[in-house]
Every structure is written in C-alpha cells, then in structure tokens.
Amino acid sequence: MARGLPNDTRSNGLTGVVPVLFAGALFVYFASLVPTIAAAEVIRVTIPWIPSLGIELAFLVDGLSLTFSLLISGIGTLVLLYSNTYLAGHPQYARFALFLTAFTVSMLGLVLADDLILLFVFWELTTLTSYMLIGFSHETEKSRRNALQALFVTGAGGLAFLAGLILLAAASGTTSISGIIAQGGALKEHAMYLPILILLLAGTFTKSAQVPFHFWLPNAMAAPTPVSAFLHSATMVKAGVYVMARMHPAMSGTDVWLWTLTILGAVTAVFASLLALRQTDLKQALAYTTLMALGTLTLFLGQESGYAMTAFATFLIVHSLYKASLFLVVGCIDLSTGTRETDQLGGLGRLMPITATAAALAALSMAGFPPFLGFIGKELKYAGAIAVASEPLFVAGAALLSNALMFAVAGVVAFRPFWQGSVPSTQSPREAPWQMWAGPIILASLGAIFGIYPDLLQVALINPTVISLTGEVGEAKELKLWAGVNIPLFLSIATFVLGLLFYWRHVQLRAMLERSFQSIPNLDYGWDSFLDGLKSFAKWQSRIVQNGKLSSYLFSTFLTIAAGILLTLVYTGMPKIAVDLSDVEWKHTSIALLTIAGAILALVTNSRIAGIAALGVVGIGIALIFIVYSAPDVAITQLLVETLVVVLVAVVMLRLPSLPKTEFRLNHALLSIAVGASVSLILIAVVSSPLDLHLTDYFEATSWPEAYGRNIVNVILVDFRALDTFGEIAVVVIAALSAYALLRTTRKGDQK
Amino acid sequence: MNSVILRVGTRYLAGLLLVFSFYMMLRGHNEPGGGFIGGLTGATGFVLYAIACGTQDARAALRVMPQTLAIWGLGIALAAGLFAALFGDALFTGQWLFIGATETDKGLPLSSVLVFDIGVYLVVFGSILTLVFAMEEEI
Numbered sequence: 041m042a043r044g045l046p047n048d049t050r051s052n053g054l055t056g057v058v059p060v061l062f063a064g065a066l067f068v069y070f071a072s073l074v075p076t077i078a079a080a081e082v083i084r085v086t087i088p089w090i091p092s093l094g095i096e097l098a099f100l101v102d103g104l105s106l107t108f109s110l111l112i113s114g115i116g117t118l119v120l121l122y123s124n125t126y127l128a129g130h131p132q133y134a135r136f137a138l139f140l141t142a143f144t145v146s147m148l149g150l151v152l153a154d155d156l157i158l159l160f161v162f163w164e165l166t167t168l169t170s171y172m173l174i175g176f177s178h179e180t181e182k183s184r185r186n187a188l189q190a191l192f193v194t195g196a197g198g199l200a201f202l203a204g205l206i207l208l209a210a211a212s213g214t215t216s217i218s219g220i221i222a223q224g225g226a227l228k229e230h231a232m233y234l235p236i237l238i239l240l241l242a243g244t245f246t247k248s249a250q251v252p253f254h255f256w257l258p259n260a261m262a263a264p265t266p267v268s269a270f271l272h273s274a275t276m277v278k279a280g281v282y283v284m285a286r287m288h289p290a291m292s293g294t295d296v297w298l299w300t301l302t303i304l305g306a307v308t309a310v311f312a313s314l315l316a317l318r319q320t321d322l323k324q325a326l327a328y329t330t331l332m333a334l335g336t337l338t339l340f341l342g343q344e345s346g347y348a349m350t351a352f353a354t355f356l357i358v359h360s361l362y363k364a365s366l367f368l369v370v371g372c373i374d375l376s377t378g379t380r381e382t383d384q385l386g387g388l389g390r391l392m393p394i395t396a397t398a399a400a401l402a403a404l405s406m407a408g409f410p411p412f413l414g415f416i417g418k419e420l421k422y423a424g425a426i427a428v429a430s431e432p433l434f435v436a437g438a439a440l441l442s443n444a445l446m447f448a449v450a451g452v453v454a455f456r457p458f459w460q461g462s463v464p465s466t467q468s469p470r471e472a473p474w475q476m477w478a479g480p481i482i483l484a485s486l487g488a489i490f491g492i493y494p495d496l497l498q499v500a501l502i503n504p505t506v507i508s509l510t511g512e513v514g515e516a517k518e519l520k521l522w523a524g525v526n527i528p529l530f531l532s533i534a535t536f537v538l539g540l541l542f543y544w545r546h547v548q549l550r551a552m553l554e555r556s557f558q559s560i561p562n563l564d565y566g567w568d569s570f571l572d573g574l575k576s577f578a579k580w581q582s583r584i585v586q587n588g589k590l591s592s593y594l595f596s597t598f599l600t601i602a603a604g605i606l607l608t609l610v611y612t613g614m615p616k617i618a619v620d621l622s623d624v625e626w627k628h629t630s631i632a633l634l635t636i637a638g639a640i641l642a643l644v645t646n647s648r649i650a651g652i653a654a655l656g657v658v659g660i661g662i663a664l665i666f667i668v669y670s671a672p673d674v675a676i677t678q679l680l681v682e683t684l685v686v687v688l689v690a691v692v693m694l695r696l697p698s699l700p701k702t703e704f705r706l707n708h709a710l711l712s713i714a715v716g717a718s719v720s721l722i723l724i725a726v727v728s729s730p731l732d733l734h735l736t737d738y739f740e741a742t743s744w745p746e747a748y749g750r751n752i753v754n755v756i757l758v759d760f761r762a763l764d765t766f767g768e769i770a771v772v773v774i775a776a777l778s779a780y781a782l783l784r785t786t787r788k789g790d791q792k
Numbered sequence: 002m003n004s005v006i007l008r009v010g011t012r013y014l015a016g017l018l019l020v021f022s023f024y025m026m027l028r029g030h031n032e033p034g035g036g037f038i039g040g041l042t043g044a045t046g047f048v049l050y051a052i053a054c055g056t057q058d059a060r061a062a063l064r065v066m067p068q069t070l071a072i073w074g075l076g077i078a079l080a081a082g083l084f085a086a087l088f089g090d091a092l093f094t095g096q097w098l099f100i101g102a103t104e105t106d107k108g109l110p111l112s113s114v115l116v117f118d119i120g121v122y123l124v125v126f127g128s129i130l131t132l133v134f135a136m137e138e139e140i
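For the record, the sequence lines run as chains A and B.
Take 41 as the starting number for the first sequence in my numbering and just add one per residue.
Take 2 as the starting number for the second sequence in my numbering and just add one per residue.
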C-alpha cells in the first residue's frame, strides 16, 4: 500500500497526457454549449441507426444532460491529471487510462442518449468499464471479488432495466426518450406503468446502490483512489439517479413513485450516514457518505415541487464537487503516509498545507457552512423537505439527521487528520505534487465560488436542469446565501449543533454503532456463500446433464425430438392416415426394405464396423429416395456426406473397445421406433395439407432472370440466401477448428 | 492400410476427384453441383489418399494446412459478400460481369456469386480435411 509519493523521474509519457487533453477538450466543448442551454433551448442530434425499428443514435443536450456532462468531463479531466501522477510509472498505466477514458465516454453517452436502446447500450458499457476499473489491481483477491460483485449486482439490475426499457418502449410506442416525455402523463395511466416502474427502479437502485443493494459500493473502494473519486462520487453511481431524473417528467407523481423513492431514499440517507461515521478508513467513510448523497438525491426525485427539484440540481453539483475533491485528498494522504486509518493519522496540516486547504474547503462545503455552495444546498434541502406535501416531518427529519452526521464525517475526514494529534514517527509525509492537489483545490474552490456567486450557477445550470425535471419553465427557486430568518435557517443551526455533538463524541458513537450494526443483516456477508452455492449447483447439474457419455447425449437429444413432435401432434390433432399404396412401384418398395434392413442391422449387431456399415446403408437408402424424386443436388450431397461420415466414424470407432455383448438394446429400439414413427406421422400431416408453393414459384420465376442460374438449389444457396450460407460455413469452420483443438489437446494415452 | 493397389490407384483417383470437384463447383449455377458438393468431392479424394498412403503424405500433397484453407474460404466468401457494398447494393447481392456479351449471347459470365461459391468450396474442403487428418493422427 505504502508506495510513497512518486518521484519526478517516473512518467507515463504520452499515455498520461493524451487522455487528459481529450477529456479537457470534451469539457471545453460542453462548456461552450452553456449559453445555448441557459437560454432554455435544447440541442438534439440524430443519426439513423436501425430505421426499421425506429431506433436512432439520438443525443439530447438539455439542462440535465449538460449538467451531468460538465461534471463528468470536468471531473474526468482532473482525475486523469491526478491519476497520471498517482499511478506514475505503473506498468499498466496505458490500460488504466484506456479504461478510464472509455468509462468517461460511455458515461457521457449515457447522459446524452435520447433513445432507450442507446441509453441501455451506454448503461451496460459503464457497468463493464467500471468492472475493469474496480478490478484494476487484479493481483489481489479482494479486488477481483469486489469487482465481480459490483458487476453482478449492477449487471443483474441492468437485466431488469432492459426489461423495463422494452416494456416502456412497447407501452409508449417509441424508443425516443423525448418522445416519451412529450406524451406527458399518458404513461402513468398505462396498465403496464407499475411493472415498468419496478423494473426501471430495480436497475437504477442497484446502479445507485440504494438500500438493500448498497453493499457493493463500499466494496468497490478496492479500486485505485482516483477511480473511486470519479466513479463512486461524481459519475457511475449517479447514472441511476440520472435515469430517475430523466424519467421524472413522465413517471413521477404517482403514489408508488412518491413512496418508493421517498422511503428508500430517506432510509439509505440515514442508514449510510450512520455507517459512514462507523468507519475508521477514510475512503470507506467517504464511500458511505456517497450512499447518503445518493439516498438524498433519490428522496428529492420522489417529489414534484420546484423546491425539491432545485434542491436536487444544487445538491447534485455540490456533492460532486466536494466528494471528488475529498476522495482525491484521501488519495494524497494515502500516498504520502501509507495509511488511510484515522487512528494513525494526525498533524498533517503543517506538512501538507495545500492538500489541507483543499480538504478544508471541500469539508466546509460538505458540512454546509456559509458561504459555501453546500450551505445553499442544505438550505434548499430543508426548504424542499418542508415543501413536501405528504410527510414533511419524515423527510425533514431524515435530512436533518443525515446532514448532522455528514457534518461529523466531514470533520473526521478533513479536519482530524490535518489539525489534530501529531504525525506518527513512522511516517514522513510531504506535500503532494501539483498535479495531485490541482484537482481538489479547483473542485473545492468552485464550491466556494458558486456559494458566493450563486447566480452563475443558477442561470447556467440550475434553471435549465429544473426545466428538464419538471418540463416547465420558471419552476426553479432562487439560490441565495441569505434567505432571511426562516425554518431552513433554524434547521441549519440545529444541524451544526447536532453535528458538533456527533463529531465531539464520534469515537464513542463509533463503538456504539459497531455493536448495533452487527445485528443488522447485510447482503455482503451472504454474498460469498451465495456464489459458492451457485457454483456447486452448477457443478451438480453439469455432472447430471454432461455425463460424458455420447450414447446418453444422443439418447436424450432424440428423445426430446420424438417427444416434441408427438406432443405437437397430440396438441394439434393427429393427421388422418389415409395412405394410398396403389401407385407404389417396386423400386420404392425395395429402397424402403433396404433402409429398414439397415436400421434393424444397426440395432442388433454387436460389431462396431457392422453397425457403421448398416448406418451407411440407411443413409444411401435415403439418398436413393432423393434420386427417385429428382433432387439430384440433395442426393449427391447426401451420398458424399454419407461416405465421409462412414470414414470418419470408422476412424474413431475402430479404436474403441468392442461393444459389450448385450442381447438386445430394447430402449434404443423403442426410441428409434418412436423417432421414426413421429417423423413419419408429421410428414404425413404435412403432405396431407395442400403444399404452399408460393416460395417455389417465386424461385422458379426469378432464378434465371434475376440471378442468372438454372439450378435453383444452388442459386438459393449462393445468391438468394447467401447470408444464411455464410453463417453456415462460418459454423462449419468454427466446429472444425474446435474439434481440431480438442483432438490436439487429447494426446494419445491421455484418454480414460 | 498397406495395399499397393490401393496406393497406386489412389494417386490417380485423388487427382481425378480433385479435377472433378472443380468441375462440379463451376457447373453448379446451372446444373447439379456447387461449392458444397465440390468441396465434399474434393475432400473425398484426399481422405482416400490419407487412408491409402497415410496422413503425412496427404498433408504433403496438399501443401497447405487444411484449416488455413477453411479460414481463407470464409474470408473469400465474406469478401464476395462485401464486394456488393462497392456498388451501393445490399450485403451479398450478386455482382455480374458478362465478358463478350452480345445481343443474343451472354458471353462468359463472371460473378461475385462464383467467388462466394469458391469460398464455400474451400471451407467445406478445408474443414473436413482438418477433422479427418486430426482424427487419423490423434486417436
């Protein structure tokens, strides 16, 4: 863990610089869109993708997506700059930069997508890239496990999400998100509203780690610190929140929406702040406060009032700014001292003054002191909570409790390590290089600047975002530092008092929480045994199904075929067997007799070579039937394949031990009769109904004039259905290569 | 299998089968035949050769690895399909060129469809030989 601060000699070269410039360019581009969006306009770019299904590569820039885009690209730039130093000289830095940049782009795609399918594609891309990032330190077992856990939880949610999106598209008749929102409240009246809501929320709640799916997020802290700062503060976990916000105009306002989001959001917020205070690891503490923020954002999205929406937009920005900056500060502390345990840290303020300043600025915003943006965010939160029509006390209480705890955590994370105690003698911390403190300082200062000049933010981002959320202009409330003596102010004062109390007694509180939380079940404890159970179930069922005996595979395959056909026949009614045998010629009879004789011989013989030859007889009998009914192409193919199969099977079979001397294989006999009878019955059924010659006529008519060929079978293969043929020959190649690989690995003498 | 008659006979038969397989492939568009049947016929010749003279000799006679042929075949078939894109047509649309065509005679027809069929031929030919050779050698 303790690698110490990087030397200047180690560098990542171009792979370090290019991603920073790329993300920076994206940020500048999005920033240039601000004036347009601030004028309450939206930008929509559409490229046809799958026109037959009405799916488009549609991108929409409005207040909501622009706010997210700016956060993603801005914080992304700073995090990439930071990582370049944090992981300087790391042998796999190129991979890291690739993953992080890919993640940034997928996240941007997610927030800009204006088509449900496109949204889902980017949604899954963020899941995959974040899996790579969480598991970046793949040599440690813990990191692999936690990455897989995050992938499974969010991936399972993603499946539900996809189902929800498909239902949503079916219910509203379009995959365009702005199209769905333009339909207004129609969706809420739809019969499928509840299933859609449940499925979508399953996706967003797992992605945004709401209780009870919260357990993966703190575990995801196994990732390198800059990743945590980026993914788990500003971006990925907010993807779920983003989708809820995006669907807010179309889906909010119902009782289910209101209560699910309010209750789960509030529970997550309070629960997570308690857990945050419990942690002694700085990064873990921050991870839980992220949960608290996500809970709060969810809570606000449950409401509809302009206050709640303004509070949502403001808190979204406040949180991203201070949380990313604090995570980066923790990274600096970690690199400098080699630990993130609060008990082993102290007195860093003098040695790392710039980092300490950044931490202080961010923490003051987090704790909600004036004149920081955090203060305005907190006041708006209270105003929004009071404006909640249904349960103002519940919401305000949850907000008060979580804010006070947040205050205490801010103290633990950003005050205590710097200004209390002294540096342990084992550590020799020094200030981090500029690339590492630049990010925290910039982000934390923005919290102060926007706090002092809230109008900047109000016009540029808050107003347009609230328009996206409510669908109406003028709903946004004003951001101001001094809103007069009112209830939010009293609540703020109460927060400070309560927060100070919590901070003062946090060591005792932690011990108390430690005891009480042990009795609360956590899905993380059951996770490993769940996975083990799944694996042993898989093993058990593979042993039954894949027993390695070819004859039992074939037996079950053909049994399924016979059962399937017979059941179909029973279900649709047996065909009338009125077979007219009067025009059967001797050549037909003799071919049939030959085939039957071959089949019987294959069944009774104990010699493998005789069995193969008998099967060959059956095959050639069938080829003869094709010839009699003038299908030369099929007959030639059948003959050739039959020849080659006999050769191939003979090569294998002759090396196997001879068959056991059983008298008569009754089950095989019964099965072959069942397959033969069912196929014959279905053929009779097919022939008894008038044959649809539509396709035959078409091919006969067009084969020569359009494809210049007289052999219809071949023309179908290479021209009319060339894509199918291509698929088939691809399968042939893959099968041959796989068989070849298998044969090569099973050397002589290795076989059982 | 050690039989002089079979070995000597196979040398001629395999060659004949190979030539015949080309013929089957080329006539396929208008008469019974085609890449699939051609590939099977050609492979039969080499399978016979492998049985009579051993896979070592058969591989030497083939000169290239059969799996390479199969993969090339797949590539050729794909290229023939993509070729249509150059003319703005949908994937796998046949492209035709009639050399020396007059009012009454179509001349010598050349087409991407034939190229596709050659790809099919190589895939079938290569895949079967990959399997047969490997089975003869490894089991």
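Because the hints were derived from the structure by calculation, they are not lab data.
This one's a predicted model, so the numbers in the text were calculated from it and none came from an experiment.
Backbone N, C-alpha and C define an ideal beta-carbon position, used for all residues, glycine too.
Take the hints with a grain of salt, since some may be wrong.
[What the hints assert, rightly or not] Facing chain A, according to a computed beta carbon distance under 8 Å, are these residues of chain B, among others:
1. D106
2. P110
3. F117
4. T131
Quick rundown of the hints versus the structure:
1. Using the Cβ-Cβ criterion of 8 Å, the hint placing D106 (chain B) at the interface with chain A is not satisfied: the shortest such distance is roughly 13 Å.
2. Checking P110 (chain B) against chain A: minimum C-beta separation of about 6 Å stays under 8 Å; hint holds.
3. The interface hint given for F117 (chain B) holds, since its Cβ lies 5 Å from the closest Cβ of chain A, which is under the 8 Å cut-off.
4. Taking 8 Å as the C-beta contact cut-off toward chain A, the hint placing T131 (chain B) at the interface holds, the least distance being around 5 Å.
In this structure, only the earlier hint numbered 1 is contradicted, and the remaining ones agree with it.
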